[in-house]
Amino acid sequence: MTKEEIISQGTLAYKKPTLLNDTQMHYCPGCSHGVVHKLVAEVIEEMGMEDKALGISPVGCAVFIYKYIDIDWEEAAHGRAPALATAMKRLWNDRLVFTYQGDGDLACIGTGETIHALNRGENITIIFINNAIYGMTGGQMAPTTLMGMKTSTSPFGRDAKLHGYPLHITEIAATLEGTAYVSRQSVESVAAIRKAKKAIRKAFDYSMAGKGSNLVEIVSTCNSGWKMSPEKANEWMKENMFDYYPKGDLKDIGAE
Amino acid sequence: MEKEVLLMKGNEAIALAAIRYGVDGYFGYPITPQSEILETLTLEKPWETTGMVVLQAESEVASINMVYGGAGTGKKVMTSSSSPGMSLMQEGVSYIAGAELPCLLVNVMRGGPGLGTIQPSQADYFQSVKGGGHGDYRVITLAPNSVQEMADFVKLGFDLAFKYRNPALILSDGVIGQMMEKIVLPEQVKRRTDEEVVKQCPWAATGHTKDRKPNWITSLELSPEEMEKNNIRFQEKYKEIEKNEVLYEEIQCEDADYLIVAFGSMARIGSKAIEIAREQGIKVGLLRPITLWPFPKDIISEYADKVKGMLSLEINAGQMVEDVRLTVNGRIPVEHFGRLGGIVPDPDKVVEALKAKIIQ
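Protein chains in written order, with the working numbering: chain A, 1 to 256; chain B, 1 to 360.
Isolated chain B, as found in the complex (with noise of 0.2 Å):
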C-alpha cells in the first residue's frame, strides 16, 4: 500500500507522531514557537482513541514534573517547550537524570538571553548537551532538520530513553518547528497496557506486589559513598551511551578541502553553502551531528587530518564550536559563524565567512 504524504509543521508533526508512537502521556504549557504541538494534541482528542494522556499545566515547572512523575511510573511521557520554558524545566529534567527514568522532551528553540525573541536560535546547544540543571548528568540531544525527523525522532528518542534510563532531547529551532513540508507519519502502534508497563519496567512505581520490594523513584542519597557509587554508574552509563549511540550526516566530505559543521536549520543552510562553493571551484563537504549529545567526536578527528579547516555554523554566539575545537585539538583552524537575535544566515554569507575565516 502507498503511503499517504501529508503537509505539515514541524511540531504538528512531533504531536501526531507522538499519538501514533503510542505514547502514555504529554504536559506541556503554552509557549511560541512551539505551541502548536499542544494544539495539535487537543485538537486530535488522543484520549479518545489511543487512552494517551494530554494536558495543559499551569507552568513548565509543572509540565516537567508531570513528567517525572509520568516517567517514575513506567509510562511513555513528554513535554515541549521553547527556550525560557526549557530553562524553567532544568530542575526537574536533573532530577529525571538523577533518578535514572526514560522520558521525551522538545526544545524548539528562540532567540535569548531573557525573554528575547520569538525568532529561531540555536543558542541553548549548551544547556542541552551540558547538561542544563544541577549536578553531573546528560541528556541524549537529537537535532531534527526536516518536519520528517521531527516525527522520527520521538520514536528514537523514546527508545534510546528506555534503553539507558535517561531523559532524551529533540532539539530543534523556530525554523523546524515551524516551517512546512512533506512527511510520512509513522504507522499507529498500540499503547502498552498497564500489565505490559509492570513487565517491562520491574523499577517503576506501579504498585508494590508481594514479589518484589517495594519502588523507591528518587535521586536522593545521603551516604557519600553511596552517592559517589550512583555517579560512577551514570558516568559508565554516559560512556556506553558515547560508545553505541552516535549519528552524524556526510555530505560532500569525501573530496573536500574544508568543512561546515551544522545541525538542524543551519544544516540546511549549510548544504546550500557548499553548493554554492563548489560552483566556486571550492571543495567544501558538510558534517551534520544528528546526536548532538553523544557528539560525533570520532569522525569529526577523522576529518581534522584530512581537510584544511573547519566552520561551525550555528545560529548562536559560537556554542557547538567549543567542541569541534576539542576534538579537533588545534590540528587545523576552527572558526564559528552565525547569527543572532532571531537571524538566520543566507548561505552566500556562509561562502564570504568560510573565505574569511579559514581560506584566507
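Okay, chain A solo, but in the shape it has when bound (with noise of 0.2 Å):
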C-alpha cells in the first residue's frame, strides 16, 4: 500500500510539509536535528517562500541538511555561513537567506563571521543548534560545553582552568545593534516545538521585513555524543543545559 493510499483511507490530521523530502536522514535516533529541520520546512511553506528560499549548511552533523528540505543550497566552509549568507543576500534581496549552524561551527571557529554579520545587520536568520558539543568528529568538547561535562577532549570534565568557560554567544548576539530578533528555544516537547517555529517563524519575516539580523538558538540533544539514551538526553537537557542557556527571547526589536 502507498503512502498515498494510507491517506486517503482516513482524515488527514498531520502531514510533513511538501519541502521535507523522503530520503532517510541520517541522524541518530532521538537527535534535535530532525525536529528543526521539519520546522524550518514548515515556515517556509508557510511563507510561501519556497521557491525564493536559500539556504546555507554548515560543517558538522546538519552539513547534509541539503539533501533533506528541497531548496536551493550552498555548503559553506567551516564556520563561514554567515559570510556566504551576507553576500547571497546583499546580491538577492528579495530571498529568504538563512544559514543552519552548530555550536562547534558557529561558536567556534565561526565566531568572527558570526559576530560580525550579525553586528553589520544582515537582513539574514542563523539557526543556530547547540548541543553543546562537535557531534559529528565524535562528541569533542565546543565552547559551548558545560563546566565538569565530560567529553572525548575533556575526559575529566570541562575544567576553567584548562579549558576557560563556556561561550554564551546568544547573550552577546543579543547586545549587538545589528540584530533585530535573539531567541533561544529548545524541541523537545509539543509545547517548546511550538514556541520554536514560532520564533523561526518570526526571524524570517524579520528578515524579509529587513528589520536586521535574526538568531535563533535551539537548545538540542547529541545523545550518541553525550553516551545517553534520548529519552535521557532530554532529561539530562533540561536539567543541566537549562540553567546555562535559559530560554526565551533575549532580544525582539519588534516588541519594543
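Fair warning: there could be bad hints in the mix.
As the list claims (entries may be wrong) - Straight-line alpha carbon distances no greater than 30 Å define the calculated DSSO-like cross-link-like pairs of lysine-lysine that follow: (1) A:K52 x B:K45; (2) B:K3 x B:K163; (3) A:K3 x B:K210; (4) A:K52 x B:K3; (5) B:K210 x A:K38; (6) B:K130 x B:K155; (7) B:K210 x A:K52; (8) B:K163 x A:K67; (9) A:K52 x A:K227.
If you're looking for bench data, these hints aren't it; they were derived computationally from the structure.
Build the complex: two chains, separate frames, hints provided.
Right, dumping it as C-alpha cells:
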C-alpha cells in the first residue's frame, strides 16, 4: 500500500511538510536536528517562500541538510556560513537567506563571521543548534560545553583552569545593534516545538522585512555524543543545559 | 568618437574596470599595496549606479567566503588582496574550485614570507599556479604588465571563469598596482538582471523552482567512487584550459640566441634589458607568459630547440624557473635571476646576469 493510499483511507490530521523529502536522514535516533529541519521546512512553506529560500549548510552533523529540504543550498566551509549568507542576501535582496549551524561551527571557528554578520545587521537568519559538543567528529569539547561536562577531549570534565568557560554567544548577539530578533528555544516537547517554530517564523519574517539580523538558538540534545538514551538525553538537557542557556526571547525590536 | 585617455594607478584601473564590466559584487579587506581597489570602489558608489554591491569584510577569510556565497548564486563576484591576505583565502579558493564556481581574484603581490614587506614581489607564483590551497585544483592565472592590462584582465578573467566555472586570478604585484599609466577604460556594460542570471546559470542557488531539482553548491562528496569521478572531471577541465587558453607575448624572439622569460612587472624590466643587450650585440628575445597557468609550455619548448639558453627573470628566489626547466627538460641551460625582499633589479644587472649565468 502506498503512502497516498493510506492517507486516502482516513482524514489527514497531520503531514510532514512537502519541502521535507523522503530521503532517509543520517541523524542518530533521538537527535534534535530532524525536528528543527521539519520546523524550517514548515515555516518556509507557510510563508510561500519555497522558490525564494536560500539555505547555507554548515560543517557539522547538519552538513547534509541540503539532502532533506528541497530548496536551493550552498554548503559552507566550517564556520563561514554567515559570510556566504551576507553576500547571497545582498546580491538577492528578495530571497529568504538563512544559515543552519552548530555550536562548534558558529561559536568557535566561525565566531568572527557570526558576530560581524549579525553586527552589520545583515537581513538574514541564523538557526543555531547548540548541543554543547562536536557531534559529527565524535563528541569533542565545544566552546558551549558545560562546566564539568565530560567529552572526548575533556575526559575528566570541563575545567575552567584548562578550558575556560562556556561561551554565551546568543547573549552576545543580543547586545549587538545589528540584531533584530534573538531567541533561545528547544524542541524536547510539543509545547517547546511550537514555541521554537514561532521563533523561526518571526526571525524569517524580520529577515524579509529588512529589520536586521536574527538568531534563533535551539538548545539541543546529542544523545550519541553524550552517550545517553534519547529519553535520558532530554532529561539531562532540561536539568543541566537550561540553567546555562535559559530559554526565551533575548531581544525583539518588534516588541520594544 | 575618440576614446578618453585617463591617467591612473593599476589598482584604480581594476576597480573602475570592475564597475564598467558589470560586476555584481566586490568583497574585500584592506591590505597594502592594493587598498586603492576597495577605496576607489567605495568612492565611486556603484551601488547607486550599476547596482554593484561593495562590502568591506571583517577579514580576508570572510571576503573569500562572501565570494564563495555570491559565486554560488551565479553572480559576478570578486575580491582582491595582497600576499598575506591571499594566504588566508586559500581554503576558500579550494572550496570555490571544488564546487566549480566562477569568480575573479586579484593578488597585488608583496614580499614575504610572513608579514614580509609591502614592497613588490612575485613570490606567490607557486601559490597561484600550483593550486594554493588543499586538494588537486588549478586557478586560471593572468599576469598583467601594465595598467591597461589590469583593467582589461577583469573582463578576460571573468569570461574565462564563467566559461570553465573555475576561479580566475589576476596575479599582479606592487609595481603594477601602484604605478600610474595612461589607460582607456572599457565601455560601461549593463549588469545582468536576476532573470538573466537564473537563465545563464541553471546550476546556481537562486531559488528552487518546480521545473528543476534543487541546486546544491558543495564541494563535499563522501563516496570515494563519486569523489574520484569529480576529480577526474576537474582534471579533464584543466586539460581543456591548458589546450585552449594559453596566452603569451613574444618580443624580438625571431632572431634571438637567448631568451629572457619574465611576467608582469619583470617583463618590463626584461624588455629594457633586451634593448641594452642588443646594443651590445647580444641577440636576446623576451617571452612573456600572460597566462601563468595554463603555462605557455609549447612555445617555450619550441624555443628550447632554437636558442642557446634561457634566463627566468622573477622578483623571487626562483619559482617560474622550475616550470621553464620542466618544459625545456635539459635541452639548454635555464637559469634564474631576481632580487628579493621587495627590490626590483635594474635592467643592466639583468644583462650582467645573462652574461654570467648563460652566455659565460
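Item to check | In rising order, the numbers of the hints this structure does not comply with | outcome: 4, 9
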